[in-house]
Amino acid sequence: MTPPTPPVLRFDGVSFAYGGGSGPPVLRELSFALGAGERVALLGRNGAGKSTVARLITGLLYPGAGTVWVGDWDSRGRRPEELARRVGSVFQHADQQLFARTVREDVAFGPRALGHDAADCDRRTAHALDLLELAALADEHPYDLPPPFRKLAALAGALALEPLVLVLDEPTAGLDRGLQGRVARALDERAARGTTLLVITHDLGFAAETLDRALVLDAGRLARDEPLHQWLVAPGRLAPLGFVPPPLVELSLALALPGTPVRAAAVADALAARCREP
Amino acid sequence: MRRLHPFTLLALAAALPLLAWILPAPRGALAPALAAATLAAAAGPRRVLLPALLTAAPLWFFLFILHGVGGMLVFGVRLTAMIASFVWLVAVLPPARLVEAMVAAGWGAPSAYLFAATLSAVPLLQQRARRIVEAQRCRGLSPRGSPLARLRALRALALPLVLSALHEVDERALALETRGLGAGHRRTPLAPPPDSALQQAARLALLLACGLALAWRLR
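First to last, the sequence lines map onto chains A and F.
Using our numbering, you'd call the opening residue of the first sequence number 6 and step up by one each time.
Using our numbering, you'd call the opening residue of the second sequence number 117 and step up by one each time.
Isolated chain A, as found in the complex (with noise of 0.2 Å):
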């Protein structure tokens, strides 16, 4: 598939192996591109190489073979902290990294480290409270509040650093569907100002209604590289790599809906439609 506008992310063959190389694979010649402002899901099994993928992407891990580019940058040599300048990321368990006395402190965090003045992380720190609706919050210390809550505050750090590529690692693992809702208008928001999306999830149903296109890894190789719509209203396509069509495309599929809608708004719709007809 070609991305539509210049990749801002691209894997061409890259292959990795933990222990220096000398693990069983775990990435086999993977090669695809992000153009700016896609919303990627990547998708796969437990063990089919999400993470490793992640870490490659923001400097923790260099291939063993290819090369991961982010915009013109050569990730080989480029330390995570340098990385940081394009690559926002938020992994499992990142309510453990929060440590500033207020969660609006520790969202400035990111901005401060990369050297932007006072002014500008003002302004990144507050948008990115206001995105995830943490405004009320921003002065409560961050182990004060719920693990969910933690996380949004996690998640806030990486928006505030307007990175050219979000990746997220499970960012709704642990969410209510209200806070599910803050997350997807956060990343809705961030997509529409270019930035492109990479999130590894196993919750479909979110992907679904946030994301565009499925990247879908197979022991460490990539199996399917399509529009998640197409990719979702295919069961015979999910079942071999382990995965269950979320409710809404299962019932949209039984009903024969036109287009076979995945989102809720237009499932609603096309049922609405359909009560319609005489």
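Keep in mind the hints are simulated off the structure, nothing from the lab.
Sample of chain A residues with no beta-carbon within 10 Å of chain F, all distances over it, derived:
(1) LEU150
(2) LEU169
(3) GLN235
(4) ALA271
Covered stretches of chain F, as calculated for chain A (at least 3 residues, CB under 8 Å):
(5) 239 to 250
(6) 255 to 268
(7) 274 to 287
Yeah, the Cβ is synthetic: ideal placement off N, Cα and C, and Gly gets one too.
Please arrange chain F on chain A, whose structure you already have, making use of the hints.
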């Protein structure tokens, strides 16, 4: 070494630092310290001995500043014996095996867990610290640079580590309670580690050696 009964490993790890503190330093303490370092090296020069030496190094530095060369040698050798023994024990003794041995010997499950939790905390904290360092670097924090910059970075690394560890203690305590740890029943040992008369004699010998060394020092 890993096949030895957990009590034998514990006895060795306790006896070496004890002897290092009881025997006159630096000469007398040198043998137990060297024995502890040898055990650590045998368990893994990079994985066990190196972390032990790196942990001890700043203590030697501060001892030198506070007490000069003489004091540094006297206390440094003893502290190194302690650290090397502990790091070696953590490396060779799986906490679950210790719990089995203690339960089989009739200890209460809570006290067995207390020992095991202390030993298992080290690798868990190491893993968590690594995760936090990675997360902060991805937010632009550089752990390099001047000593002042490193000191600033330390706060971003140490605080989440300590706070999350404290938080986990709470959760673990609750999880253990809900699984009946404090119910007062004797826990069933499923696979007690094998012991032998030779190992029991060795443990007794280590205890005697410590007692004799103490008596010799107090005479």
